[in-house]
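J.: Here are the chains, one letter per residue:
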Amino acid sequence: METPKWLSLLPEALLLLSLPIMLIVKYFRESQTAKTFYTLAKVFLVLSLVSGLIFYDFNGYPHWLMNNQYTILFKLIIGLLSMAWFFLSLKWFLNKDEDSAAFYALSMVSLTLLFLLISAQNLILVGTIGVMLMGCNFLMLRLNPKTDEETFLPRRRYLVFSLFFAAVLILGCVMLYQEVGSLSYEYISAFLAKGQINAKLLAAIVCIIASLLYLAALAPFHFWMTDVIGTAILPVGGFLSIIPAFAFFGCLADLLFNVFMPLKASLQPLLTGFAVLSVVLGALSANNENNIRRLFSYAGLYNLGLVYLCLVGLNDNSLLSAFVYLLVYILSLSGIYTVFFGFKAKGDYLTDLPDISGIAADKPYISAAFLVFMISLIGSPPLLGFLGILSLANNLVLQGSYILLAVVLVSLLLVANAYLRVIQTVYFEDCNEEFDRVDNGIYICLFINLIIVIVSLLNPGYLLHDAEKILFTIF
Amino acid sequence: MSNILSLLSTIIILPFIGMIFALMAKDDEETSNHNVYNVGIFTVIVNLVLIWRVFWIINTSAPGLQLTETFSWLETPKIEIIFGIDVFSLLMIAAVHLAFLIAMTGVRNSPEQPKSMMVFALMFLGSMTGLFIAADIFSFYIFFEAMLLPLYMLIGKFGDIKKPVSLYRFFLYNLLGAVIMFVAVIMIFNIQSGMELSKVRALPMQETLQYFIWGAVFVSFLSRIPIWPFHYWISAVASGVKNPLVFVAVNLLPLTGVYGFVRFLPEVLPEVASFYILILEVISVITMLFIALIALINKDFQYKMFAYVTVYYIMYLLGVLSRADLILYNIGFSCFSFLIIVSALEVMSQYIYIRQENQGTSTPEGLLCKTPRLSFLYSFFILAAVGLPLSSLFMNNFLLLADLLSFNLRMGLMVVFSLILLAGTLLGSLYRLRDASKYDAEQTEAEDISPTLFALSLLVVFILLMSFIRPLWFVVGE
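For the record, the sequence lines run as chains A and B.
To convert, note that position 335 of the first sequence is 335 in my numbering; the numbers rise steadily by one, no gaps.
To convert, note that position 38 of the second sequence is 38 in my numbering; the numbers rise steadily by one, no gaps.
To be clear, the hints were calculated from the coordinates, so they are not data collected in a lab.
Take the hints with a grain of salt, since some may be wrong.
[Stated by the list, open to error] Covered stretches of chain A (chain B as the covering partner; in silico rule of three or more C-beta atoms under 8 Å from a C-beta of chain B):
(1) 379-388
(2) 394-400
(3) 408-416
Everything numeric in this text was worked out from a predicted model, so none of it was measured.
Each residue gets a CB set at the ideal place from its N, CA and C atoms; glycine is no exception.
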């Protein structure tokens with residue numbers, strides 16, 4: 001008996017199935033708390049990941065979606081990070097006594113779209129998902145109950161720019177279709193291999209890549225991320241910073257390696273420019289920021305720039321080093337966001353640097369974790385971040401890109417300077433505030449993350465076990 | 001003898017384990033914050049015993065690294081971590097541990113937050129130990145950079161730094177040195193897959209690459225030694241620190257630079273390196289003289305100590321650069337006593353500061369007059385510091401200077417002159433502290449150091465005296 005085709009879509013279907021269930025619970029169950037929706041999201045996410053693992057190489061619709069070891073690796077990482085983030089977000093909703101249904105429902109939609117994006121084998125699908133993700137992100141930003149101008153304006157700006165880039169994405173797809181006659185990866189790749197490349201085709205591809213980079217928040221399309229991170233509620237800000245990065249990376253790497261490879265010579269300078277711009281802008285802007293979430297958002301821009309700088313070599317070594325750097329960066333960033341849950345006074349989550357002055361005296365363990373993650377983000381040994389920077393530097397030296405290496409290292413010093421300012425505030429200044437008790441769940445999450453960050457450096461094989469072999473299945 | 005217990009890894013790991021215990025130690029008013037100090041002191045003592053054991057195991061007269069341990073660290077790119085030890089690095093580890101032990105005893109009654117002080121101190125000690133045991137370029141770099149964070153935290157929290165900007169710059173400047181080193185390490189790694197430090201020293205390279213790699217390596221090590229033009233940020237921080245433990249940690253940083261030269265300096269100097277070394281020697285001698293002269297004028301004892309430390313490190317550096325066969329042993333034996341003396345002097349100075357504050361006097365003149373125990377110890381350490389026959393500093397400095405004079409007479413004479421200036425500075429400060437004519441008899445009588453601390457200090461005196469008689473006196477059958 002033939003296995004039903006739809007089984008290849010089971011992980012995504014299970015994620016979506018959580019929505020009607022949440023809706024039923026929301027409107028028909030009397031006793032419901034923030035934990036109810038967290039539990040539902042968690043259960044369906046686990047089911048989705050398990051089904052994904054079972055049917056990891058099952059391809060029911062090969063012209064639209066491809067499942068293999070490469071896609072399941074990314075889906076698994078996203079799923080596990082989401083699980084941890086959902087748990088932490090629950091603390092926020094319980095503390096604020098807010099309704100969590102919309103957040104978990106939108107997160108599940110977002111995860112479904114990200115899962116599909118990783119597996120996508122057709123630009124129609126990529127375009128549709130891209131536009132839907134922009135919409136989903138906008139709805140997530142609306143979860144902030146504040147309606148003041150400071151919150152409203154970034155949201156409106158995001159909407160305007162998203163509409164613009166959605167149009168660019170659609171335009172790119174239409175132009176490409178006019179030239180190639182299909183938007184299937186396989187067909188486009190075969191067409192480009194013939195060498196029939198013209199300006200319109202290049203423009204179409206640039207439009208598509210630019211829109212995807214907008215979603216990934218790489219400079220010069222990064223402005224929305226730092227804009228909204230400062231005003232979004234903490235669960236949304238963290239979700240947007242941590243979770244989608246892997247999906248966009250997976251999708252872009254697939255596109256670059258399997259579809260646009262014949263245009264390598266044209267795309268490399270373009271991607272290098274975007275990546276360098278991100279690195280420099282991120283490092284410089286982080287030094288002028290007093291809002292800690294925005295500061296780490298700029299530092300994130302710097303780190304994402306480094307990830308794509310690794311990738312621009314467009315060979316197996318560059319893919320591995322980019323993946324290693326991304327993994328290391330996301331692990332440290334998720335630790336930083338976990339720490340943000342511990343920065344709380346009088347029920348409010350603190351966002352400004354002066355608010356956390358001297359917090360180390362009152363909250364030594366949270367501050368120590370904060371310090372460890374920051375140093376890991378700088379890439380200083382003996383923490384996991386060193387593995388990322390080592391992988392990056394080795395890749396750049398192998399490519400002979402010494403100028404890029406110099407830019408990266410100067411930017412690293414600038415980012416280090418921004419972090420030193422934070423360390424000084426947290427550790428060396430006097431404590432003027434009484435901080436709230438930190439939930440034990442946050443300590444547990446931090447402990448697990450710290451163990452990964454510390455132990456993985458002692459034996460990186462624990463973290464990168466088989467990742468290399470799995471990544472190379474993309475080719 | 002085989003290294004069945006992975007002794008070297010254990011010696012590196014122990015301070016980090018101690019750090020975790022220090023982090024968990026219960027400290028409150030009831031325990032007078034002594035638990036965490038005890039954890040720190042216990043960790044250092046246990047490690048000292050292990051180091052002593054290693055002295056017995058290794059062949060102290062054999063060249064090259066012994067007790068090597070190799071661990072596969074990363075598959076792509078293929079990187080192996082190698083640990084190994086020789087007499088010189090083992091002496092350095094022992095001296096650093098003893099210096100830390102003395103400094104920890106000195107801050108035991110400090111009112112500051114002891115937990116973070118001990119945590120960062122042990123982290124620093126672990127990294128420092130790792131650096132001396134590292135036998136491949138990657139682990140060397142890892143420990144070379146890893147010590148910066150705990151040091152930054154120690155200075156920032158307990159260094160009593162007036163200008164935070166100078167601390168920022170100090171860290172960034174050292175980080176820059178480490179980053180330059182990182183680039184050199186990656187480039188060396190891509191030239192040859194063999195990562196052992198011994199192979200790096202004999203690495204064949206293209207001429208253009210040589211300029212960059214040796215330039216990067218030299219600059220990164222020099223960033224740790226207060227030599228012009230690298231001196232300002234280090235002196236701005238190091239001379240202002242009052243806490244003995246922090247002072248010892250800050251002033252151990254230049255040792256990493258000197259040690260880097262020991263490990264990286266090529267066996268056969270390429271033309272490029274010879275060019276760099278000549279410039280370096282000229283700058284070193286000028287810096288040495290300059291700092292010694294400032295110390296003579298400056299009234300602050302901390303600055304005098306900083307100048308003393310700097311001049312000695314530069315002298316060791318010049319010794320390393322002269323590349324005479326046996327000079328490394330002399331540097332090792334001399335540095336062993338030097339680090340102990342610096343640490344002991346810092347602890348004694350701390351007591352003098354406290355007495356000066358308690359008495360409310362603006363100058364410390366005559367403060368040692370009515371405190372016989374403190375006076376005896378302080379005088380002993382100052383006399384040992386200036387090179388009198390009270391420690392291994394005497395004989396080994398003599399041999400070191402003889403080597404420098406035969407290597408380059410003018411340079412040697414300048415070094416001797418700087419040392420004389422420095423000796424005058426230290427003896428002058430001792431004279432002022434013991435000057436009975438300045439002692440104000442109407443003031444409340446200063447309290448002497450406790451008999452327990454005096455007894456412990458006599459142990460340090462004993463160690464120094466024994467090192468004068470035979471440098472490796474603690475190794476049976478040596």
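J.: A separate judgement is required for each hint: does it hold in the structure or not?
T.: Results of checking the hints against the structure:
For a cut-off of 8 Å, the count of residues in the region 379-388 of chain A with a CB near a CB of chain B stands at 5, and the three-residue condition holds. A stretch counts as covered by a chain when three or more of its residues have a beta carbon under 8 Å from one of that chain; for the region 394-400 of chain A and chain B the count is 3, and the coverage holds. With 4 residues carrying a beta carbon less than 8 Å from a beta carbon of chain B, the region 408-416 of chain A meets the three-residue requirement, and the given coverage holds.
In this structure, every one of the numbered hints holds.
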